[in-house]
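Chemist: For this one, chain X is given, so just place chains Z and H on it according to the hints.
Spelled out, the chains give:
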Amino acid sequence: MSRLLSFFRASLISCMALGSVMVHAQQELRIGVSAEPSSIDPHYHNLGPNNSLARHVFEPLVGQDPSQQLIPGLAQSWQTLNETTWEFKLRNNARFANGRPVTVEDVIASFRRAPNVPRSPASFAQFLTGMTFEQGADNKTILVKTSSPAPLVPTNLSVIAIMSKDCAEKLSTEDFNAARCDGGSGPYRFTEFKPGDRTVLERNPNYDGARPSWDKVTVRYLTSGPARVAALLAGDVDVIDNIPPADIAKLRGNANFTIAETLSNRVIYLHMDQFRENSPFITAKGGSPIKNPLRELRVRQALSMAINRQAIVDRIMDKAAVPAEQVLAKNFFGTSQKLQPSKFDLKAAQGLLADAGYKNGFKLKIHGPAGRYTNDTQIIEAIAQMFTRLGLEVEIETMPPANFFSRASTGANGLPEFSMILAGWGAGTGETSGSLRSLMGTVDKAKGSGAANRGRFSNAKLDSTLDIALATVDDKKRASLLAEASEIAFNDLGIIPVHYQTNVWASRKGLAVEARADEYTLAHKIKRQ
Amino acid sequence: MLSYFFRRFGQAIFVILAMIVLVFFGVNVVGDPIWMLISPEMDQQAIAATAAALGLDKPIGEQFFFFIKGLFQGDLGRSFVHGEPAILLILGRMGATMELAIAALLMAIIIGLPLGMYAGLHPDRRASRTIMAGSILGFSLPTFWVGLMLIMIFSVMIGWLPASGRGPTDTVLGIQTSLLSLEGWRHIALPALNLALLKISLMIRLARSGTREAMSMDYVKFARAKGLKESVIIRVHILKNILIPIVTVLGLEFGSLVAFSVVTETIFSWPGMGKLLLEAIQRLDRPVIVAYVMVVVVLFVFINLIIDILYSVLDPRVRLTEAKA
Amino acid sequence: MSSSPGQSLSTAPTQGPVSARVETPFQRFAAAFLEDRVAVAGLALLAFIILSSLIAPWITPQNPYDLTRVDLLDSRMPPGSQTMEGFTAWLGTDGVGRDLYSGILYGLRISLVVGVVSGLIAATLGMSIGLISAYVGGKLDTFIMRLVDLQLSLPSILVALILVAALGKGVDKIIIALIVVQWAYYARTVRGTALVERNKEYVDAARALGLSKSRIIFRHILPNCLAPVIVVLTVQTAHAISLEATLSFLGVGLPQTEPSLGVLIANGFQYMLSDRYWISFFPGVALLLTIVAINLVGDRIRDVLNPRLEK
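Chains as they are written, first to last, in the numbering used here: chain X, 1 to 529; chain Z, 1 to 325; chain H, 1 to 311.
Isolated chain X (complex conformation) (with noise of 0.2 Å):
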């Protein structure tokens, strides 16, 4: 039996030396990630965690910046030549995987493709629409006209992969999977896609920008937060993404490892039912019906007043986030320096809400996903207590978010079937004009607006204003529309903004991580220090 266990332990001793030799021979960066890519086809799914992932190997014409300001990618430079008309210039040494220079051919030929895969859950068509494209002076320029003016034509490409021409136009999303194309122009490319558990890159040789430090990328789907935080300790990876806020502290105290974190683009609020005379799940203390009393302004003061955000920040989110007054913080393009989040203050809370009638209160039930969102259920329940102490009698439930968003967004007969739902917000675009008006424009299925507004919040000042900025090219002026529109909607509260969302990562001590808004972790931008 002894001599069973020491053969057990020498040989566990060998595996252990061998694994860290292997570490050391090659230039080989191990991720875990949190979130698992659909496909590594990049036109397949508008999806986090299949952006993140493609951005090592398909460069969009346009990049963002770690807070999502807008930086030269495939082209490196553009400008319009008059209102409805973008010139973009080709960097001059691009070159695929291959070996082939990319051509305006190739650009056409993935805008071609983008808008168009087959059974895509998640299509990138809407960023295209409206666009026409044909060759400029030369095979390096490319020239996207609109039937309008069109100021977001730079940062709607800068999500669209760009792709050769020959991938782009025979091969499928299956294809892809198999790691079959070779035309991508990204620092790294696909060698292996392994859905559930790991995708594997390789430097691309012929990339012409800064070498990557590393020649192999192996990036881990580990779901789980503890798992996750678990490999990292463990030595299994040496970076991981979306560090569970309540293992933060610790990473942080433990000098074997380095944290990198930033402001992410998303927030967290309350969608409130204010289109129904009486709410279905608000009624008096008693269960009479009421009249829907989230349409009054002081109300939703007063509630917004009633949740402490430092409390949550503090308690739940271990600081992993911070109080929010808008859609995106104030270093995001068109949010408003004026707007603040609202003080906790109980008392003032209080006598909103006898002012506007309701010293009594009212019953309120508050859904939520369980799951979706980092500490969601906890950060409902929070609030639930903050709401009772302001006098409310609150129930809250949750469920998978497969249920909640099918019955939050069409659950009574195609309408919004609760009466107040938490949820969260990502601005993949990083400005606010998108995140405007798809959570509190009026909503209008032929213009588009409106189409996460589950509150059915209206406002026609808000409406008008944005219609004017998303026709305003000049970015200055823009930017003051949008402050303009922020400032129309959060003085309304549309919504009650709660916190936004940091994005952390870790890391092994050593390695540089650079912290994104937009949550993608991207090998060619982790260092060695």
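Think of the hints as simulated: they come from the structure by calculation, not from any bench.
Be aware that a few hints might be false.
Stated by the list, open to error - DSS-like, lysine-lysine: derived pairs with alpha carbons at most 30 Å apart: (1) Lys173/H to Lys285/X; (2) Lys165/X to Lys140/X; (3) Lys173/H to Lys58/Z; (4) Lys445/X to Lys145/X; (5) Lys58/Z to Lys447/X; (6) Lys58/Z to Lys445/X; (7) Lys477/X to Lys447/X; (8) Lys250/X to Lys527/X; (9) Lys363/X to Lys173/H; (10) Lys365/X to Lys173/H; (11) Lys250/X to Lys509/X; (12) Lys525/X to Lys330/X; (13) Lys330/X to Lys347/X; (14) Lys319/X to Lys347/X.
Claimed, not checked - Residues from chain H that keep clear of chain Z, each with C-beta distances beyond 10 Å, as calculated: (15) Arg28; (16) Phe33; (17) Arg37; (18) Gly80; (19) Thr88; (20) Arg109; (21) Val116; (22) Ile175; (23) Lys213; (24) Phe218.
Stated by the list, open to error - Pairwise CB distance ranges (calculated): (25) Ser216/Z to Val196/H: 20 to 30 Å; (26) Leu346/X to Ile176/H: 41 to 51 Å; (27) Val249/Z to Ala44/H: 30 to 40 Å; (28) Leu182/Z to Gly86/H: 53 to 63 Å; (29) Leu34/H to Leu346/X: 57 to 67 Å; (30) Phe25/Z to Tyr202/H: 43 to 53 Å; (31) Glu395/X to Gly86/H: 18 to 28 Å; (32) Gly210/H to Gly287/X: 49 to 59 Å.
Predicted model only: the values in this text are computed from it and were never measured.
C-beta: ideal position from N, C-alpha, C; glycine also.
Modeler: Okay, now just chains Z and H, sitting in the frame of chain X:
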């Protein structure tokens, strides 16, 4: 014999159909998959277009009709999320699950059999009592809780073994396996142990009672009287005799290992089909759930069939007809 | 039980030389049960667990579901801390400030209710089906037993997962799923016993007396099938509690806002690595003790009621 096969086959089809109808309509009641797929920035028209492309805009009855029609053409549908044929997704993950289940089975035999035989040979020793108490504990410990504890102890506190994932794979005879490298064994050790725990307890109990029964048999007493060495008696007489029932039970238990791997795979991020099922349930990826049900039921019927046949070969008194009463 | 003719219990091992004292079968059973010290300890533990969950509102400092009593500022306090509400949290508090000791007792209630209710309904359903199957016989019997075989050939966790996927989350849905998973065990057990009983003299006698079918089934055969059912019931209850915890842990079981033990463990899982072990550890211990206690009792009951099955 032949009619027996047909009946078994018919039953399998019945189960599969019942489960499919349940899953198909049930998932539809739980929620609309479209909300789990789209990116939140999409506007109403884009959402409607996506629903139309995936066939989710049609009434559920019609969707079911198209599914059944596809079934007759050998098409189980494509995953809403991944866009690939659901059956290929599942088969692609099956290898990892099988590898884990087989490793767990081996572990159950290697650990459980000697312990159980020891407890059977020396029922009154203190060590035997400890073993049996341990087996009760093994039956009672919830798998998921043990998994967490294993990670805590062996990965985080002591740091011996990796906390999650599967090791690098090699291809042998067209089958991908991670068991050819030390790194692979290091990765599989904890999840296999976690999955094996219940079966180790079962094994201990089976081996103990089998050993005790065999010890009381005349031929063992006779062998003892003849002065045969203890090790020979154990090897030749006892082991041989308890092996048949143990192999049968373990065969039956293999199915439950495959099913319980859902829990283990989730905790240890093991890229098998159980984890895929759980993700599909969470995302309402109906085609994958349906395909999983079909694959697993077929697998079970197959396993049971093999065991029945083995049994009838090993024990000629058993006939392959079903007893009426 | 005392009104039963006691046929199946007549083989209890304690029946030595006929004693002068008249013993009811239950007394004989109890005496045999109490011979095993470990089982008695298990029974005591089980009684303690059930009792404390029953009187939870009177022995806990906090109703963990009452939002007016829970304060976020109390969250994640280590065991033994003083809370804002003025009591000491001996087992610490969880992520939103619930007292864990209170949370565990209330969670235990949910776990036990789910286990026992689903067990009892499944037992009733399974027994009825099994009895009918045995007594009616013929095609119906064949059909039912096929169904039972099929059901038992599929692992419980798999069936439960599929059902929960189709039904959704919630206490009622979990109970339904657990009933579907369990009924077949009872049906098979009862049918087997009933078939043996059916051919015994007392049933022939009852038939000769011209008693109705249903009276024979329910008044004469059923009581004699109870012993094995009780064995199955204990084992299955432990199994059901464990299964519910597993499903809840996987995020497809009970909702998080009124947590069972499985949900408490799952909620605490995220704190395991940040030295706040208690949020997940204590509920886990409570779950483990409950299941061990039931299994110890169940093991002994089985040994006493059916010495031939002794393993």
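Chemist: Look at each hint and say if it fits the structure.
Modeler: Hints, one by one, checked against the model:
Of the supplied pair hints, the one linking lysine 173/H and lysine 285/X holds, its CA atoms being roughly 29 Å apart against a limit of 30 Å. About 15 Å separates the Cα atoms of lysine 165/X and lysine 140/X, which keeps this hinted pair within 30 Å; it holds. Distance check on the hinted pair: lysine 173/H and lysine 58/Z sit about 27 Å apart at the alpha-carbon level, within 30 Å; holds. The hinted pair formed by lysine 445/X and lysine 145/X meets the criterion: a straight-line CA distance of about 24 Å does not exceed 30 Å.
Straight-line distance between C-alpha atoms of lysine 58/Z and lysine 447/X comes to about 24 Å, which keeps the hinted pair within the 30 Å bound. Of the supplied pair hints, the one linking lysine 58/Z and lysine 445/X holds, its CA atoms being roughly 20 Å apart against a limit of 30 Å. Annotation: proposed proximity of lysine 477/X to lysine 447/X holds, straight-line Cα distance about 23 Å (limit 30 Å). Pair hint lysine 250/X plus lysine 527/X holds up; C-alpha atoms about 23 Å apart against a cutoff of 30 Å.
Taken as a hint, the lysine 363/X and lysine 173/H pair is honoured in the structure, with Cα atoms around 27 Å apart against an allowance of 30 Å. A hinted pair counts as satisfied when its Cα atoms are at most 30 Å apart, and lysine 365/X with lysine 173/H qualifies at roughly 21 Å. Pair hint lysine 250/X plus lysine 509/X holds up; C-alpha atoms about 14 Å apart against a cutoff of 30 Å. Taken as a hint, the lysine 525/X and lysine 330/X pair is honoured in the structure, with Cα atoms around 25 Å apart against an allowance of 30 Å.
Between the alpha carbons of lysine 330/X and lysine 347/X the distance comes to roughly 28 Å, so the proposed pair stays at or under 30 Å and holds. A hinted pair counts as satisfied when its Cα atoms are at most 30 Å apart, and lysine 319/X with lysine 347/X qualifies at roughly 26 Å. Consistency note on arginine 28/H: stated as away from chain Z, and its beta-carbon is indeed over 10 Å from all of that chain's, at 25 Å minimum. The Cβ of phenylalanine 33/H sits about 17 Å from the closest Cβ of chain Z, beyond the 10 Å cut-off, so the non-interface label holds.
Interface exclusion of arginine 37/H from chain Z stands, the closest Cβ pair being 12 Å apart, more than 10 Å. With a cut of 10 Å on Cβ distances, glycine 80/H stays outside the contact zone with chain Z, its closest approach being about 22 Å. At roughly 27 Å, the least C-beta separation between threonine 88/H and chain Z is larger than 10 Å, which holds for a residue marked as non-interface. Listed as outside the interface, arginine 109/H is consistent with that label: its C-beta sits roughly 18 Å from the nearest C-beta of chain Z, beyond the 10 Å cut-off.
The claim that valine 116/H is not at the interface with chain Z holds, since no C-beta of that chain comes within 10 Å of its own (minimum 17 Å). For isoleucine 175/H, the non-interface assignment is confirmed: its Cβ lies about 16 Å from the closest Cβ of chain Z, beyond the 10 Å cut-off. With a closest Cβ-Cβ approach of about 18 Å to chain Z, lysine 213/H is found to remain outside the 10 Å limit, as its non-interface label requires. For phenylalanine 218/H, the condition that its CB be more than 10 Å from all CB atoms of chain Z holds, with the nearest at approximately 21 Å.
Distance hint check: the CB atoms of serine 216/Z and valine 196/H are about 26 Å apart, consistent with the given range 20 to 30 Å. A hinted range of 41 to 51 Å holds for the C-beta pair leucine 346/X and isoleucine 176/H, which are about 43 Å apart. The hinted window of 30 to 40 Å between valine 249/Z and alanine 44/H holds, with their beta carbons roughly 33 Å apart. At roughly 57 Å, the beta carbons of leucine 182/Z and glycine 86/H sit within the given window of 53 to 63 Å.
At roughly 59 Å, the beta-carbon separation of leucine 34/H and leucine 346/X lies within the given 57 to 67 Å, and the hint holds. Taking the beta carbon of each, phenylalanine 25/Z and tyrosine 202/H are about 48 Å apart, inside 43 to 53 Å as hinted. Separated by about 26 Å at the C-beta atoms, glutamate 395/X and glycine 86/H satisfy the suggested range of 18 to 28 Å. Our hint of 49 to 59 Å for glycine 210/H and glycine 287/X holds, since their Cβ atoms are close to 57 Å apart.
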